[in-house]
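K.L.:
Build the full structure now, drawing on both the sequences and the hints.
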Amino acid sequence: MKVAIIGMGSVGRGLIEMIATKDLGMIVTGIADSKSGIINEHGIDLQKALVRKKETGLCGDPKIKAMEVVTNAKYDVLVEVSPTNAETGEPAISYMKTAMQRKKHVVTSNKGPIALAYKKLISLAKKNGVELRHEATVAGAIPVFHTIEHGLAGNEIYAIYGILNGTCNYILTRMADEGLTYEQALLEAREMGYAEADPTYDVQGIDAAIKLVILANTVWGNGVTLDDVDRTGINLLTPDAIRLAEEEDCTIRLIAEADRRTDLLRVSPRIIRKNHPLVVNGTLNAITIVTDMARDITLIGRGAGSVETASAIIGDLLFIATCYDRRS
Amino acid sequence: MKLEMKDSPGQLVAALKPISDVGGNIIAVIHQREPDSTDDTLSVQIVLELPEKKIDSLIELLHKADVHIQRIGHERLLYRRTVILIGHLMHTDLSDTVDRIDTTGFAEVSELAMSMPAINERSSSRLTIKSVTRDDMDRAMGILHKVANEKDLLLIEPLEEMA
Ligand SMILES: NC(=O)c1ccc[n+]([C@@H]2O[C@H](COP(=O)([O-])OP(=O)(O)OC[C@H]3O[C@@H](n4cnc5c(N)ncnc54)[C@H](OP(=O)(O)O)[C@@H]3O)[C@@H](O)[C@H]2O)c1
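Taken in order, these protein sequences are the chains called A and B. So the first sequence is numbered by the numbering used here: it starts at 1 and just counts up by one. So the second sequence is numbered by the numbering used here: it starts at 1 and just counts up by one.
The set of hints was computed from the structure by calculation and includes no laboratory data. Note that CB positions come from ideal geometry on N, CA and C, so glycine has one too. Treat each hint with caution, since some may be false.
No more than 16 Å apart at the CA atoms, straight line, and that leaves these computed lysine to aspartate or glutamate pairs for EDC-like [stated by the list, open to error]:
#1 LYS274(A) / GLU160(B)
#2 LYS146(B) / ASP230(A)
#3 LYS146(B) / GLU111(B)
#4 LYS274(A) / ASP102(B)
Some but not every residue of chain B turned toward chain A, in silico, with C-beta under 10 Å [stated by the list, open to error]:
#5 LEU48
#6 ALA113
#7 MET116
#8 SER124
#9 SER125
#10 LEU155
#11 PRO158
P.N.:
Laid out in structure tokens, this is it:
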């Protein structure tokens, strides 16, 4: 199977390393980053590309733009792993549309296009007879969509709730374990590389809300948007509040919840029993799926990371390879 | 439970005493002078928490005290929910916040724990609210949401199981 990859950051590099070292039956025919691109229909030398990226900051030729790779490279699947743009979803939406109009499958970890334009993109995929898969957009390595779509096929999904933001979970874990203030824990999260320089998206619950919107749209097709989510962040929490919860054998976690029966969509810090299955530590994510037949299923795993996210992308790629049997 | 007693000063006390004697906890006492009642009896509705299996001894004690039981609610479960409030709690009149729940008649703040950091910093408090029914609890939460909004407090609710 031929793959073109747009974005060679943390996720893109993790994916390229795994394709280069594991026998996955994939060859990469195109790569692009923000400033360069490379096309080779016989397969790019991935080790060389990784070294070049590390040494020069460019994956290929600065004259080749990402859109040219999308339009001209020969591939079966476009992997879109450029940065999330939560306002417009661009330029990723245009990359995806172009690929699907060429009747190419798309696999992405990019939350922007899926949160903003899922309906349009999925109907374009259907129209062109291709797959649009986005396992990596929610909860990193956790195969939540595969679980719902295949493992829980035939179940009615009543509700989905859980911990979808590793940065917040890390901060709350540290506040609880060490009695740190929110500011101290945030500083530590930054030093560990778990929080961005501008942590707004994470700590105000926007990232978790975007993932909730993606879950609801994918599972129920209900067309909800970020504005429909009732959202409260963790930035005003005090260590005292966590201590007060702990006196009752509870703690506080940022919980995202979507309930189809009540149309509830909410991200908020909640008091939760310490022995509740969703109480995971550090940057872990956890999701409970509530269904009619299987009842509750809880998945726990890494919500981010280079190779961890690549795992979800590879799961999607191999699913497509199996369904369409187009191994190279 | 709904009790009927003579409308005389000592009567209510006489009715309430057996409750504490059996280890019960009175949550609310609601007087109801029925409009059409011509005689001198008084109807009182008492919401109480009772140790399991103590109801029989309570009934016996009440009988002895000459208090007539009109109705006993069917093992009414008591709803209990603990929330945390963060903000300028004293500044925004915490006792008023508590009163807004207590004056409803259907819910009350039964426990309050509070941390007081340096002056002018936001404080945190844990409130346990009790009510007779789930609906009442939801109504009480609705009020708390409104108060928290008005007073710019952060309200943290427990995660309810969704199944
Ligand atoms: N990191 C995670 O653990 C994780 C987990 C789940 C989902 N995601 C999502 O996955 C995507 C990639 O994440 P990441 O951590 O790999 O991001 P990243 O490290 O910032 O890398 C982004 C890559 O995209 C390239 N890029 C930027 N603008 C571009 C454009 N206009 N056209 C083409 N390429 C462009 C960048 O180029 P340069 O190298 O030239 O800067 C870089 O190579 C994001 O949407 C993110 O939200 C990430």
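K.L.:
Tell me the hint numbers this structure goes against, listed in increasing order.
P.N.:
3, 4 and 5
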